[in-house]
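A.B. asks: Go by the hints and put chain B onto chain A.
Chains A and B are the protein sequences, given in the same order.
Counting along the first sequence from 1, when you hit position 137 you're at 151 in my numbering, and nothing is skipped either side.
Counting along the second sequence from 1, when you hit position 149 you're at 531 in my numbering, and nothing is skipped either side.
Each hint should be verified, as a subset may be incorrect.
Said to hold, decoys possible - Some, not all, of what chain B presents toward chain A, calculated at C-beta under 10 Å: (1) His402; (2) Val404; (3) Val427; (4) Val429; (5) Glu431; (6) Asn433; (7) Met434; (8) Ile437; (9) Ala439; (10) Leu441; (11) Ala442; (12) Leu443; (13) Ser444; (14) Gly445; (15) Glu463.
Since the hints were made in silico from the structure, they are not lab data.
Please read all numbers here as calculations on a predicted model, not as lab measurements.
Just so it is clear, CB atoms sit at the ideal spot from N, CA and C, and this is done for glycine as well.
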Amino acid sequence: MNPASGKVLRKQKLYPSLAKRIRQNVLQMTHDARSSHVGTSLSMADLLAVLYGGILRVRPEEPDWPARDRFILSKGHGCAGLYAALAERGFFPRAWLENFYQNGSRLAGHATHHGVPGVEVSTGSLGHGLPMACGMAVAGKRGGEDYRVFALLSDGECDEGSVWEAALFASHHKLDHLTVIVDYNKIQSLGAVKDILSLDPFIAKWEAFGWSAREIDGHDTDKIEKAFKEMPFKEGKPSCLIAHTLKGKGVGFMENALLWHYRSPDVEELRRALKELDGGEE
Amino acid sequence: MRTAFFRTLLDLAAQDERIHLVVADIGFGAVEPFAERYPDRFLNVGVAEQNMIGISAGLALSGKVVFAYSISNFPTLRCLEQIRNDVCYHNASVKVVAVGGGFTYGALGMSHHVTEDIAILRALPNMTVVAPGDPVETEYATRALAAYQGPCYLRLGRAGEPVIHKQGIDFQLGKAIEVRPGSDLTLISTGGLLEIAVQAAEALEACGAQVRVLSMPTVKPLDQEAVLAAARETPAIATLEEHSVLGGLGGAVAEVLAESLAEKVLFKRLGLPSVFSSHIGDQNYLRAAYGLSKSGIVESLKSLLDLVRK
Numbered sequence: 015m016n017p018a019s020g021k022v023l024r025k026q027k028l029y030p031s032l033a034k035r036i037r038q039n040v041l042q043m044t045h046d047a048r049s050s051h052v053g054t055s056l057s058m059a060d061l062l063a064v065l066y067g068g069i070l071r072v073r074p075e076e077p078d079w080p081a082r083d084r085f086i087l088s089k090g091h092g093c094a095g096l097y098a099a100l101a102e103r104g105f106f107p108r109a110w111l112e113n114f115y116q117n118g119s120r121l122a123g124h125a126t127h128h129g130v131p132g133v134e135v136s137t138g139s140l141g142h143g144l145p146m147a148c149g150m151a152v153a154g155k156r157g158g159e160d161y162r163v164f165a166l167l168s169d170g171e172c173d174e175g176s177v178w179e180a181a182l183f184a185s186h187h188k189l190d191h192l193t194v195i196v197d198y199n200k201i202q203s204l205g206a207v208k209d210i211l212s213l214d215p216f217i218a219k220w221e222a223f224g225w226s227a228r229e230i231d232g233h234d235t236d237k238i239e240k241a242f243k244e245m246p247f248k249e250g251k252p253s254c255l256i257a258h259t260l261k262g263k264g265v266g267f268m269e270n271a272l273l274w275h276y277r278s279p280d281v282e283e284l285r286r287a288l289k290e291l292d293g294g295e296e
Numbered sequence: 383m384r385t386a387f388f389r390t391l392l393d394l395a396a397q398d399e400r401i402h403l404v405v406a407d408i409g410f411g412a413v414e415p416f417a418e419r420y421p422d423r424f425l426n427v428g429v430a431e432q433n434m435i436g437i438s439a440g441l442a443l444s445g446k447v448v449f450a451y452s453i454s455n456f457p458t459l460r461c462l463e464q465i466r467n468d469v470c471y472h473n474a475s476v477k478v479v480a481v482g483g484g485f486t487y488g489a490l491g492m493s494h495h496v497t498e499d500i501a502i503l504r505a506l507p508n509m510t511v512v513a514p515g516d517p518v519e520t521e522y523a524t525r526a527l528a529a530y531q532g533p534c535y536l537r538l539g540r541a542g543e544p545v546i547h548k549q550g551i552d553f554q555l556g557k558a559i560e561v562r563p564g565s566d567l568t569l570i571s572t573g574g575l576l577e578i579a580v581q582a583a584e585a586l587e588a589c590g591a592q593v594r595v596l597s598m599p600t601v602k603p604l605d606q607e608a609v610l611a612a613a614r615e616t617p618a619i620a621t622l623e624e625h626s627v628l629g630g631l632g633g634a635v636a637e638v639l640a641e642s643l644a645e646k647v648l649f650k651r652l653g654l655p656s657v658f659s660s661h662i663g664d665q666n667y668l669r670a671a672y673g674l675s676k677s678g679i680v681e682s683l684k685s686l687l688d689l690v691r692k
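Isolated chain A, as found in the complex (with noise of 0.2 Å):
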């Protein structure tokens, strides 16, 4: 997709549609591989869209390009709906989402960069994107390069110290090409983010260390897209955007449910779901 498509495509609601999408084949992935994490991968499908939808300078057709934006899910148990994005995006043929989890797939249980075009690392232990982001940052800006690095975080990992260890070095060097996004659907492994380890207050903290923080609707794309353009959001801070969401979003019976980290959607569940993402009544 060139910059002058992407722009029209834009136009005709791209990020909600591409958002629907990608939460589409990630229902039917998760239900075709009995594999877990569904909700994580809905809650953050906004986001994705936004960013691989219009914001993302990346060129499907030359994954290393030197100059692509680098992105980078943290939170790599999220990976269907990274895969999902990607092969929206043409980064790989959507058939490869079939069999993602089964035996002998390409695509892991959680983002895997081995083969898989678009995927910047491998993740899948909390708390390893940030410092891998603050080592590219620091490259292109040492470099003179333009290209920008965004690491999507998830709120459970933020109980992760390697996490803060890399906001301290962002902030002290200044690294304002640099974004982190959380995916703040307030639930984590055992429940309740704020009955397991409270964050709050959680936008004091990035400031504090020395973050150009904002909090959002991670669900309005239009809002997203704005916070993306309006980065750096301070010059000479790195920039966090707190995305409120909700875990589960799209499927109402998934919505906010602990149990839909670890459930895969049976037939008649993908059905219902599938039908409710289309407008229809469940």
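C.D. replies: Same frame as chain A, now just chain B:
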């Protein structure tokens, strides 16, 4: 070894702009020349080893050759998963460098005893593990690692070890270096005990035993040919390392010998038992406490030679 490493690194950095040095607030009196000469290729990330390795991986994936430096177990065990996932899985050109192998920091206590690192790092796919025996090997190893595309672990001693290789050496990653010829027994040494290995061999020569001494700076990939040649040509092999006898050089050599159907040879691992040191003292004191002094090694090798003669 530390001096040789930094001197060589400075030299390499002058020729290769990709070379970066990343430290976690360690290296007083050692890192300054690099930091001053190449400020754009130097990073002190603070006391944050996980971040140090993640950043190093990110730099390496952006085309840099990164030396990530600290001491003790800090750049390895503290951030082992970053080394495994971020560096090794991506086959990133990050060279993890640790000063303080074995009991270098003896009196500082258990936290600073580096005695399981070779075994642990050796188990990681794509990882090359190198423990030079003297400053000469350190210089060659540093050059070889900079030229090698992929993850490496460089395990150094301290500053001020004696030069063992007075003449030039043919250093290649994955190759043993014969320091002394001999036909009665082969002593294979890795790391800073090389000096004592040679002393022990000289002492045994006075007793009429010809001990072949192999320095084995590269523990992974191991020079299997040199091990099997020793098994063919000498009736006994002993390994020597300032490291647990579990999984390090001794383990690696044992694996080769055990799977070799052709060669029969007496075999002994000299190293540390799998315990935390119950002694407090400097490097030489602790080495002696665990049989790794010259006299301790001579005694162990005499016992092995006695078995050969039976």
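A.B. asks: Hint by hint, note whether the structure agrees.
C.D. replies: Now the hints, each set against the structure:
{"no.": "1", "hint": "His402", "result": "9 Å, holds"}
{"no.": "2", "hint": "Val404", "result": "9 Å, holds"}
{"no.": "3", "hint": "Val427", "result": "6 Å, holds"}
{"no.": "4", "hint": "Val429", "result": "9 Å, holds"}
{"no.": "5", "hint": "Glu431", "result": "9 Å, holds"}
{"no.": "6", "hint": "Asn433", "result": "4 Å, holds"}
{"no.": "7", "hint": "Met434", "result": "8 Å, holds"}
{"no.": "8", "hint": "Ile437", "result": "4 Å, holds"}
{"no.": "9", "hint": "Ala439", "result": "5 Å, holds"}
{"no.": "10", "hint": "Leu441", "result": "4 Å, holds"}
{"no.": "11", "hint": "Ala442", "result": "8 Å, holds"}
{"no.": "12", "hint": "Leu443", "result": "7 Å, holds"}
{"no.": "13", "hint": "Ser444", "result": "3 Å, holds"}
{"no.": "14", "hint": "Gly445", "result": "7 Å, holds"}
{"no.": "15", "hint": "Glu463", "result": "6 Å, holds"}
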